[in-house]
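Chains as they are written, first to last, in the working numbering: chain S, 89 to 291; chain L, 795 to 1030.
Derived by calculation from the structure, the hints in this document are not laboratory data. Ideal Cβ positions, reconstructed from N, Cα and C, are used throughout, including at glycine. Please note: incorrect hints may appear among the correct ones.
Restraint ranges, calculated between C-beta atoms of paired labels, are given here [said to hold, decoys possible]:
| # | chain 1 | residue 1 | chain 2 | residue 2 | range |
| --- | --- | --- | --- | --- | --- |
| 1 | S | Ser268 | L | Ser872 | 51 to 57 Å |
| 2 | S | Phe167 | L | Pro860 | 17 to 23 Å |
| 3 | S | Arg175 | L | Gln837 | 37 to 43 Å |
| 4 | L | Ser857 | S | Glu232 | 24 to 30 Å |
| 5 | S | Arg175 | L | Arg847 | 39 to 45 Å |
| 6 | S | Lys112 | L | Pro860 | 30 to 36 Å |
| 7 | S | Leu123 | L | Pro816 | 55 to 61 Å |
| 8 | L | Arg847 | S | Ala115 | 24 to 30 Å |
| 9 | S | Lys196 | L | Ser815 | 49 to 55 Å |
| 10 | L | Cys797 | S | Thr265 | 31 to 37 Å |
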Amino acid sequence: MLSTRGRDPMQELVLIQPVRAAEKEFAQEAAQEALRREFEERLAECGPLAYRVARGVLRNSADAEDVAQEALLRAYRRFERLRDRGRFRAWLVRIAFRLAIDRVRSSKRREVRETLWSKTSSRPSTEDLAATSEFQAHLDRAMEELPEKHRLVLLLGAIKGHSLEEVAEMLSLPVGTVKSRLFFARKQLAEKLRCHVKNIEKR
Amino acid sequence: MPCEKYREALIEAAAVDGRLSPELHAHLEACTSCRAAFVEETQLFAAIDTGLRTAANAEVPPSFFPGVRASLLDDSASRRGWRPFLIFAAAAVAMVLTVLVTARTRHTIKDNQAKQIFSASPRERPEASAREASGTRAIVASSRSSRMSHERNTAPANSTSLNVMNVLVPPEEREAFARFIASQPGRSGVVIAVVAAAADNKDKRLSVEPLEIAELEVKPLEALAGEVPDGTEEEQ
């Protein structure tokens, strides 16, 4: 049995130190585990949103998956600062949208550089095109021509279960601004699509 | 074709879920073409909304969540894998920086101290000032007038810390040596040549003081005859 009486103070320190280090390590691991669990919850809750935002911009499942994954990875890296639920969702939506827009731009730049025959490779896949109706294809193209701020509002407003208030919260905008952006964005789309609708009806 | 007056109002009404103002409502009841146009616009907006919802609520592919988890794991593993290397690299960089800073500081101190030593008034170093005036950058001082030499004698510890190299150059080669130092690019602030007048000093140091011999006492031999050593007396 160890007795503390007459023990060298340095010896005491040597005996105590590993226990403290182990406790600290254990606490760090527990905190990391809690953080991972919390992120899993957010992933289940907001992962589809990130995917849909990216899909709405890219109109391509594979690219959307890549972009959403990248957005979630970035969110994970700075999760300690984004633990607040509302903040996390807003940040994720913005980063997914931004990454998707960047990808569209870079693929457009690539298209310009590449020869004509390779243009089709950066377009949506044949399956994607086949899955969309003619109107949907026109709608997608019209969406691309809209200003980014209008596109994002339209996308978020169209995702199931998002009220205007929630969209406003995600974008840190007043509800009135979101309403007016939605109104103008839909009007612009209608103007671009009106002639196409008539052409389709005529056939 | 709708009436031009109501055209814009029709589109706006269709855009906001078909809500009609009383005036427009009354006009639509009366005007068939405007009514048809309103129906078309309402259908167009409905198609747009449907299309947007279809695109925005696409099914998340089954590979999505496993893909995200795999990329998170990869990222964590690669970050852990890089951590020791990063720590090592950071330590190495810190060490190199420390060495560089220390070397530079020592170099600067040496340089400053050397400049201080040779910043004596031109009166004290006529040769050096003459060379500066003639465009040479080498600092040459004779041991007679150099403050360096004085400091070496009075404060040896300081001169040791300076780590100055003293070069003894014969008087007839001083000029050539000064030119050589000046020809070394960027060495004027580092190389300090103390051209010592070795011959002058040698004479001084090696000079021997004349021996002082006290006056000799000379006594006559008779006076010494009685002063026989004790042993001799005993024998007699």
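Here is what the structure says about each hint:
1. S/Ser268 <-> L/Ser872: 51 to 57 Å: Since S/Ser268 and L/Ser872 have Cβ atoms about 45 Å apart, the given range 51 to 57 Å is violated.
2. S/Phe167 <-> L/Pro860: 17 to 23 Å: The hinted range 17 to 23 Å holds for S/Phe167 and L/Pro860, with Cβ atoms some 20 Å apart.
3. S/Arg175 <-> L/Gln837: 37 to 43 Å: holds (40 Å)
4. L/Ser857 <-> S/Glu232: 24 to 30 Å: Since L/Ser857 and S/Glu232 have Cβ atoms about 26 Å apart, the given range 24 to 30 Å holds.
5. S/Arg175 <-> L/Arg847: 39 to 45 Å: Given about 27 Å between the Cβ atoms, the range is violated.
6. S/Lys112 <-> L/Pro860: 30 to 36 Å: holds (34 Å)
7. S/Leu123 <-> L/Pro816: 55 to 61 Å: holds (59 Å)
8. L/Arg847 <-> S/Ala115: 24 to 30 Å: violated (47 Å)
9. S/Lys196 <-> L/Ser815: 49 to 55 Å: About 43 Å separates the Cβ atoms of S/Lys196 and L/Ser815, which means 49 to 55 Å is violated.
10. L/Cys797 <-> S/Thr265: 31 to 37 Å: Roughly 33 Å apart at Cβ, these two residues keep to the hinted range, so it holds.
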